[in-house]
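All chains should be built: construct the whole structure from the sequences, respecting the hints.
Protein chains: 4
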Amino acid sequence: MPIRTLVWGENVHEQKNKVVAENYPDGMHNQIASLLRQDANLEVKTTTLQEPEHGCTEEALANTDVLLWWGHAAHDKVDDAVVKRVMEHVWQGMGLIVLHSGHHSKVFKGLMGSPANLHWREAGERERLWVVNPGHPIAKGLPAYFELEYEEMYGEPFTVPEPLETVFVSWFQGGEVFRSGLTYRRGAGNIFYFRPGHETYPTYHDANVGQVLRNAVNWAHQGDRQAHLMKAPNTPVAEAIEKIEERGAKLSAADHAGEVKS
Amino acid sequence: MPIRTLVWGENVHEQKNKVVAENYPDGMHNQIASLLRQDANLEVKTTTLQEPEHGCTEEALANTDVLLWWGHAAHDKVDDAVVKRVMEHVWQGMGLIVLHSGHHSKVFKGLMGSPANLHWREAGERERLWVVNPGHPIAKGLPAYFELEYEEMYGEPFTVPEPLETVFVSWFQGGEVFRSGLTYRRGAGNIFYFRPGHETYPTYHDANVGQVLRNAVNWAHQGDRQAHLMKAPNTPVAEAIEKIEERGAKLSAADHAGEVKS
Amino acid sequence: MPIRTLVWGENVHEQKNKVVAENYPDGMHNQIASLLRQDANLEVKTTTLQEPEHGCTEEALANTDVLLWWGHAAHDKVDDAVVKRVMEHVWQGMGLIVLHSGHHSKVFKGLMGSPANLHWREAGERERLWVVNPGHPIAKGLPAYFELEYEEMYGEPFTVPEPLETVFVSWFQGGEVFRSGLTYRRGAGNIFYFRPGHETYPTYHDANVGQVLRNAVNWAHQGDRQAHLMKAPNTPVAEAIEKIEERGAKLSAADHAGEVKS
Amino acid sequence: MPIRTLVWGENVHEQKNKVVAENYPDGMHNQIASLLRQDANLEVKTTTLQEPEHGCTEEALANTDVLLWWGHAAHDKVDDAVVKRVMEHVWQGMGLIVLHSGHHSKVFKGLMGSPANLHWREAGERERLWVVNPGHPIAKGLPAYFELEYEEMYGEPFTVPEPLETVFVSWFQGGEVFRSGLTYRRGAGNIFYFRPGHETYPTYHDANVGQVLRNAVNWAHQGDRQAHLMKAPNTPVAEAIEKIEERGAKLSAADHAGEVKS
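In the order they appear, the protein sequences are chains Y, S, X and F. So for the first sequence, full-length UniProt numbering puts the first residue at 1; every next one is plus one. So for the second sequence, full-length UniProt numbering puts the first residue at 1; every next one is plus one. So for the third sequence, full-length UniProt numbering puts the first residue at 1; every next one is plus one. So for the fourth sequence, full-length UniProt numbering puts the first residue at 1; every next one is plus one.
A hint or two may mislead.
[Claimed, not checked] Once the Cα atoms are required to be at most 25 angstroms apart in a straight line, the calculated BS3-like pairs of lysine-lysine come out as:
id, chain 1, residue 1, chain 2, residue 2
1, Y, K16, S, K250
2, S, K77, S, K106
3, Y, K140, X, K140
[As the list claims (entries may be wrong)] Label-pair restraints from in silico Cβ distances:
id, chain 1, residue 1, chain 2, residue 2, range
4, S, E59, F, E22, 48 to 58 angstroms
5, Y, E245, F, E245, 12 to 22 angstroms
6, Y, H228, F, E53, 55 to 65 angstroms
7, F, P52, X, S252, 22 to 32 angstroms
8, Y, N63, S, E242, 42 to 52 angstroms
9, X, M1, F, Q38, 52 to 62 angstroms
10, F, S252, Y, N63, 51 to 61 angstroms
11, S, I241, Y, N63, 42 to 52 angstroms
12, S, N41, F, A257, 46 to 56 angstroms
13, X, H256, F, G223, 36 to 46 angstroms
14, S, I241, X, E245, 10 to 20 angstroms
Simulated from the structure, these hints should not be mistaken for laboratory data. Glycine included, each C-beta is placed from N, C-alpha and C at the ideal position.
Next up, the structure:
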């Protein structure tokens, strides 16, 4: 069964910056989509910030197995209701792949519970990504390392939670390192952060980057949504699995009324 | 040097429910504080929801090494600005211990990036907490397991991220299990979630619970705040550690203007 | 492409104990294999302790994608050379699923670097396995919990390393809990420990257990062996990726001669 | 109470190689000890491979809270009985800090359950260690990064298990990266691996390296030994915490006789 994949592009610098427009004449989202389509099992759509509800309507997300997110200049233009909706779909099992400057998106910071800060430099320097976890599905088919001759530098400390696993670590020409490929799960949803992707450089024309993205979509996909994870239900005493007697004092119904569990 | 500890109590059911008031005539926060004061190295203050800024002013937090948080009925009464302030202090290094129904507090859900749901039953049943990580500092001095004869049940799945380490797992009389002691780090701040503590039962009069809380404060304390973690600074090319030449295209200053990095 | 799966059975108590023989007239390994064969994509073979090299010849392992290991009474009868061979295949990418009393096998203890102790009781008591990680591939298609009416109890602390992820936690009738489904990676090889499976009870006739095992084989499979992970090669200065000059003092060739790196 | 710290040095190249002898006229172990003694709370002893039982007698280890291990040329000269003894003390709570080429020691490989391979180059190149986990106790008091002008290169993949936490990541002049500071727990014992320390360079004269080692000893220390973790005891049915009736078939005493649980 095909994996329904949605690429979300901010699509701002493509419209304003000549170099970015030349790199990605159809927009970054469409170039990312073309990398993904090299895997015949991925059914790939794209959408952008400029669409109604940024293209992330309830219906669109309900029909998405894995969402990719690239944003940079307009994080604060993303509506909070859409951010909440994306997070809720992740918690129920939608996969999410966050790209490059998406580390500062509301969606990623919200799911990490962290500021996701770092230090950075835009100088077209060489980045070399080392596979530190060669058995991980996201590293499948890659060489021991690969290089991006022109990239923006991101330096540690990257203030994100300790990941489930670290897949890539980057070396930068100017002397920094960065944990470039990190996996997480939030609720039932798999999340992968992948560092490269500065818009003024041709990163999404790189074959190894394409391989990583295809691997990541396959890894992140995990099947049906689990809506029950969004609830905190009461289990009545009479339905306890092992028979128990109710004992001790209870909160009154009125006291429970103030609680947020539902 | 003493560890400056602040106990935050919601202080709602103590004022409305006769049983809770009898259990905790001085409020739950003060009883928790009295458990902590058995460690002479802890300098313990308390505050409540009802105080201005819920007692979590910038000054109060700046003078806190470890914050304990108990809330249940009034999570949505906690001001978002205070929630943000608490999270920012955690990211910079303040320790945080979240108790029982605090799993649904805005602070905890925000730091976990997860709904932190579970299922529950208020029947005064027996809970038995097993130490699954006997080398962890939070388990120090505890027996192999300890029991709370009357507790609310919380059942899995608990939708929180995989922890750094699982310290306790609970057995419940009615047939459920729960990961009852979980550690996390967010930014530079240590976080410990500890499950027991339903307000209609005498949990905070239990000696083992006191031992866990004192251990947890000592574990969570990590020294000074690291304000630099709140920033994502640019490193100018001229200041690169290893000498590099600027290459390739750059975003214009105008393009950078829209970014949130600061 | 089918997943080449090998079930290793100790096959001792089936030959000596009437109840075990009645439970598993073809041996436990063959019953486990029949559960796996319900997944048409698994190509399943079996072997036992009694075969030459315990059926784990270099050729047999080289043709195995995922190995399942059930042992109990005869851990010390397993030849150290075979143990080493199995571990080396795991490090290069063979998946491994360790069942029940296999926690004390040389293979598992060797891969964990831990004694893998626990406490236990053989009383035919009820075990209830809760899914604590509902988004994990190994939990796919399972209910919120499932029960085994007759099982041996294993109690915490289970002295194994903190896992990558905890998938199941068990409740026992006699009052204990146990982390029953744990994932690890060693080198490029995925490892899953699954607790149930005492030989005097009909555990491997249970449908949910079958589902877990099939899920686990699919999860553990990761493709080709990575032989290069068994080496620690020197990278000559002249072949450094970034041009460097050799500086400082070096060990002589004679000094290097004593090292084990190769 | 002082932390009883034992520095184990292989003490081979100091005796054979002129440069090493000049770097460390009293042996590497004594120079490491002198760094540790800058913390008045550490009570530091040293021993070497050449001592009876390599200085790791039962009595010596029983009186050690944290052991540091530096070896390189003579890993295979370390007696297997001593290796087993060290591992058993770690499992019961002794802290262990493994230095540089100790990655290939029997003790470390045994505790990791992994080959702990890497690739390497001895060219006196620059290493820069970045703190990626600024809230970790082992990073306390360190700058954002520190440099060692002359070091041996170790490159990824480092075939060790995913750590509890990654504290340092190294940048190398020749283009490689390495996860240089990794934490683990095995049984009740804390383990820290720290990469730098090649014997032909003056690494153990560096102030930041000294700070890391002192921090690591303080972090790894966790108090008393837990001998019970070395056993897998039977819990008789009559002593079950919750009253249960024995049911179903059991293994005979004779069948149990073959098991290794004790």
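Hint-by-hint comparison with the structure:
1. With a C-alpha separation of about 13 angstroms, the suggested pairing of K16 (chain Y) with K250 (chain S) holds against the 25 angstroms cut-off.
2. Straight-line distance between C-alpha atoms of K77 (chain S) and K106 (chain S) comes to about 10 angstroms, which keeps the hinted pair within the 25 angstroms bound.
3. At most 25 angstroms may separate the alpha-carbon atoms for a hinted pair to count; K140 (chain Y) and K140 (chain X) meet this at roughly 23 angstroms.
4. Distance hint check: the CB atoms of E59 (chain S) and E22 (chain F) are about 56 angstroms apart, consistent with the given range 48 to 58 angstroms.
5. Look at E245 (chain Y) against E245 (chain F): about 20 angstroms separates their beta carbons, and that is inside 12 to 22 angstroms.
6. The hinted range of 55 to 65 angstroms is satisfied by H228 (chain Y) and E53 (chain F), whose Cβ atoms lie roughly 58 angstroms apart.
7. Here the CB-CB span from P52 (chain F) to S252 (chain X) is close to 29 angstroms, well matched to the stated 22 to 32 angstroms.
8. Checked against the given bound of 42 to 52 angstroms, the beta carbons of N63 (chain Y) and E242 (chain S), roughly 47 angstroms apart, stay inside it.
9. Separated by about 59 angstroms at the C-beta atoms, M1 (chain X) and Q38 (chain F) satisfy the suggested range of 52 to 62 angstroms.
10. One distance hint, 51 to 61 angstroms for the beta-carbon pair S252 (chain F) and N63 (chain Y), holds here, with the actual separation near 59 angstroms.
11. Separation of I241 (chain S) from N63 (chain Y) is about 47 angstroms and conforms to the stated range, judged on CB atoms against 42 to 52 angstroms.
12. Between N41 (chain S) and A257 (chain F) the Cβ separation comes to about 52 angstroms, which falls inside the hinted range of 46 to 56 angstroms.
13. Against the hinted window of 36 to 46 angstroms, the Cβ-Cβ separation of H256 (chain X) and G223 (chain F) comes to about 41 angstroms, which satisfies the hint.
14. Checking the proposed 10 to 20 angstroms range against I241 (chain S) and E245 (chain X) shows it holds: the Cβ atoms sit about 19 angstroms from each other.
Hint compliance for this structure: no hint is broken.
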